[in-house]
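Protein sequences, first through last, are from chains A and B. Going by the numbering used here, the first sequence opens with residue 259, and the numbers climb by one from there. Going by the numbering used here, the second sequence opens with residue 12, and the numbers climb by one from there.
Note that these hints are calculated values from the structure, not bench results. Please note that a few of the clues may not be correct.
Label-pair distances were calculated between CB atoms; the ranges are [claimed, not checked]:
| hint | chain 1 | residue 1 | chain 2 | residue 2 | range |
| --- | --- | --- | --- | --- | --- |
| 1 | A | Gly300 | B | Ala255 | 51 to 59 Å |
| 2 | A | Ser467 | B | Ala255 | 26 to 34 Å |
| 3 | A | Ala915 | B | Ser186 | 44 to 52 Å |
| 4 | B | Arg211 | A | Ala915 | 29 to 37 Å |
| 5 | A | Leu874 | B | Arg252 | 42 to 50 Å |
Looking from chain A toward chain B, a few residues come up when the C-beta cut is under 8 Å (computed) [stated by the list, open to error]:
| hint | residue |
| --- | --- |
| 6 | Pro926 |
| 7 | Ala927 |
| 8 | Thr929 |
| 9 | Arg931 |
| 10 | Gln932 |
| 11 | Tyr956 |
| 12 | Phe960 |
| 13 | Gly962 |
| 14 | Pro964 |
Beta carbons are placed, not taken as given, at the ideal position from N, Cα and C, and that holds for glycine.
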Amino acid sequence: MRFAATHKAVSYLMVSTAFSVLALSGELPPELTVLTTVGIVGSYFFEPQRHSFMNHRLYRHGWNLALVVLLGLSILSYLRAEPLLGIGSRFLCCLLLAKLWNRKTNHDYLHAYIISFFMLVAGSILNNNLIYAICFIGYVVFATWALTLLHLRREMEENYLLKHLPARDGRGAESERVEVERILNSRRVVGTPFLLGTSLISLAIFASSAVIFLLMPRIGIGLDIPLQRHGVQTSGFSDRIQLGGHGRIRDNPQVALRVELPAGRPSHPLYFRGVTFDRYDRGQWSRSKKLPPQPLGRYMNYYVPGEESTALSWPKLERRLSGALRAEVYLEPLDVPVLLVPVRLLAIVPPEALVPGAAMHIHPGPGGEIFLAERRAGIRYTTYSDVSMPDAIQLAQAPDLPPDHDEDLDPYLDVPQTLPARVRQLAVDLTRGARGPYEKITTLIQYLQRNYTYTTTLQRDDRYEPLEDFLFVQKRGHCEYFASALAMMLRVVGVPTRSVNGYLGGEWNEYGRYLVVRQQNAHAWIEAYLEGNGWVTFDPTPPSAFPLLEEGVWAHLRQLIDTLEMSWFKYVIEYDLRTQVQMAEGAIRWVQKHQQRRGLGLRPHLHRLKYLAGGLLIMVALGFLSAWMVLRWGGSRRRGTMPHRPKADRLLRQALAFLERRGHRQRPAETLRQLATRIGAAGDPAAEPFARLVDRYYAYRFGGEPVDMAEFRSLTRSLLETPPADSSKKNEPTLGEEPPSHAVA
Amino acid sequence: MSTVALSRPATLPSSKAAHAIFHRLTHNVGQVIHGKAEVIRLAVIALVAKGHLLLEDVPGVGKTTLARALARSIGGTFRRIQFTSDLLPSDILGVSVWNEETRHFEFKPGPIFANVVLADEINRTTPRTQSSLLEAMSEGRVSVDHHTYTLAQPFLVIATQNPLEHFGTYPLPESQMDRFLLRLRMGYPERADERRVVARPTDADPVESIHPVVSSEEVFALQRAALAVRVEESLLDYAERVVAETRRSSLLMLGVSPRGFQSWYRAAQARALSEGRDYCVPDDLRELAVPALAHRVVLASASGGYGEPLGRGREEAERVLQSLLERVPMP
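Please build the complete structure, drawing on both the sequences and the hints.
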């Protein structure tokens, strides 16, 4: 490739990698993402040299004016208290476009690099995915290329021309200009070896900075930036739900949360509770805001729903949590600052905040939800839940709601005027023979599951109320319809209910041994209040609704990639001081344990050590390789003056090693001549050939005299062949006095 | 004198020729001073590098003989100035006297107007007189009564001071020490050499027995050739690091000045020439580091002040320098 073309291509790679980090974070408005992508790609094909309109004054002024206007708009939006990060990254995109469409000199390239660097920095805050890591590695490599080439180009364009300023008649300069053009168009300046070599160097740098990352004390600032997400809604719920919206997210494979279960794979699908609603009206669920939040007691950093802090004690907590399912939840950013928790939540340890050890502020919702004070980029928390099946006999014994019930339950019994009469009638008809609320519930669930089919491709007839449409016209629907129908019909017959949105099930990842819950696992169900049992979960959706587990290569690949992402989140994003301390403690414990057991205990770990050693070796080898390439590259640049320098140095080192074996070690700051004199004073015959070698070496190294490598080699050889010195015999009298064995024979 | 240099086109002697001149000089002087080859060589190096020598040693080890032999070998004039506490600048530089006949002031040149000047026991005289000499040394000319007189070339001052006596002496201030290219010690002669000197069968002045072997032109040529000696970049780096070390070291109050650095550099070039090389090697710098630098640094421990024998501070300074040298890796 031509030099100029290579430089351009590499620069574009670097810039677009940085932009991808920003774009893939999802924090940019989609229009801007598209616009910038098109702009970057388009600008690649326009060169100011070839397209004259780019040199027009109006064109330049237009861009400048646009930038000024955009800057003004950005300041305005900042004054309107929009987050600075978002404004900044949007403005960066515009700046980049302006630079790329106006690139004339290498300065413009440099500016584009600087902008791309800021993009990368912004992206590091906005983008926590594995994709960031990939882009970052790419950026490191591309940046090394681009900056090296830019430097070369600058040297050529600026220094060269400066030194050869035009002669008075202008003729001298003309020829030089052609020269620069020729170099820029040369295909021999950079080739694959250059690109390969520099990328190896940058990878080595990357590896060493990874080590620094591991060892430097860290605090997780990156996690603590509140986000504002643009674009499509990703999760299946918000603070109000319109029936029918669910179908859209049914195929969304984006991960919502990952759950590590120390107890292993759960025996049945887990319900992850998100938000609850109490008011239904014409197909829309919402919160009535009348209700006070549920109590959320705190003991140490355990938060216990339904209890007061004063009532908590360690024995009580311990009793409560014994047998509970512990889950470590890694939550991806959601639209609603709610923490998803496995049903039935017994206690939660909230995510940690900026300072290790301090907890983020959480507060309870009226339906027992756990809300976060602020939405975070990605968080991790621990939950304890009772996932055992409720006892059916006990539920069946629950009495009907007494008339003097708690008035807090009233909103959950509220049936809107708009609910059609035939829906009410259906509920009453179906539950006529049922004794107690539990039987009413099971009867209705059976009815729904038998007579209605599950579908996500929904048809709606707007003439009917949505539930009426579902129950009497379409007879098909998805989980929200099933849940809403059950909830409303139960309210008609006097059972308090609420609608719950969250996630169900998920995919067990065999590689990482954790549960992956995706957006497509979003689900809706209900909770009914049973006297003496509290709120109990019921799910009317037919089991056929749940997709079969995917099998085959793709599923495995998907699991594998997800494991990588989980590790990225767990070990890089979440990597903080606490983890470092834990790692160090673990290492110390490991060493102590094996010191006690002596060598025997190591054996089972030998295979693991092998991998570790292998990895280390590869890293060291990479480092050496790049160092060697640097040296070679540096060496070849100086080839004109000292062609044999490395060879001569090697021979000299050989000679020094030889002398060291003879007991003459070069002292610090001792010159070679001084060493030769010292050896001579010690009576070693090696002094003389060594002195001659040193003279030759000096003449070559410092005198710039041409060196005959053959002569140099023979000098070294004659030194190496020097017989052992008398003095060395004196030092070792036993050896000297012993007659050689062959003499005896 | 510069006129000489102009009259002869500046053809540099080859390194072999330079070596031969060096050899002739040192050999000639060596006929008179036995067993002090290294000191003689350094003295010649000082001459070639256009510098001056400071000899620190007890009396009677041949300092005067060295200076005289050197002067005679280059066919130049020799003057000796015995420094005493009542010596005046005019005793060195010369005075203008009234000439009755011409009715003009006439300048009577002082002993400084010679090719080789021996300033004996320089620390015995007052700072004022010292500085008049030192000014002449660095400028190569003297100013008396609004007239400037150029000194003879080649011009070499060999100053001596006795390191043990301190009563009634004025130690040279640091700025003056800096003007000497090298500081040397003669040292006692080897036993055999000493016996030979003592048991000499004649009482004739040995210096009278030697003859000039090198012309002034040849000395100029050597001086020019020394400037052209190649010093490789890494050697300069090394020297620079050593100088930086002296400035940074906590053991030293004052490091090597840029002038000191330059002196070292020039001396190393001259030394390369003395071995018939037209390029410097690490040994040139290494061997000259102590003679060229040790007298330019001031110890932080503030010894060597008034009332303390010069010798002790000197040895300390040399030790510190030596340890600094060992810290800087050789190229």
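Each hint tested on the structure:
1. A/Gly300 <-> B/Ala255: 51 to 59 Å: Holds: the Cβ-Cβ distance is about 55 Å, inside 51 to 59 Å.
2. A/Ser467 <-> B/Ala255: 26 to 34 Å: Given about 31 Å between the Cβ atoms, the range holds.
3. A/Ala915 <-> B/Ser186: 44 to 52 Å: Check passed, 48 Å falls within 44 to 52 Å.
4. B/Arg211 <-> A/Ala915: 29 to 37 Å: 51 Å, violated
5. A/Leu874 <-> B/Arg252: 42 to 50 Å: 35 Å, violated
6. Pro926: Holds. Min distance 5 Å.
7. Ala927: 4 Å, holds
8. Thr929: 4 Å, holds
9. Arg931: 4 Å, holds
10. Gln932: 7 Å, holds
11. Tyr956: Holds - the Cβ of A/Tyr956 comes within 8 Å of chain B, reaching about 4 Å at its closest.
12. Phe960: 4 Å, holds
13. Gly962: 7 Å, holds
14. Pro964: At about 13 Å, which exceeds the 8 Å cut-off, the nearest Cβ of chain B leaves the hint on A/Pro964 violated.
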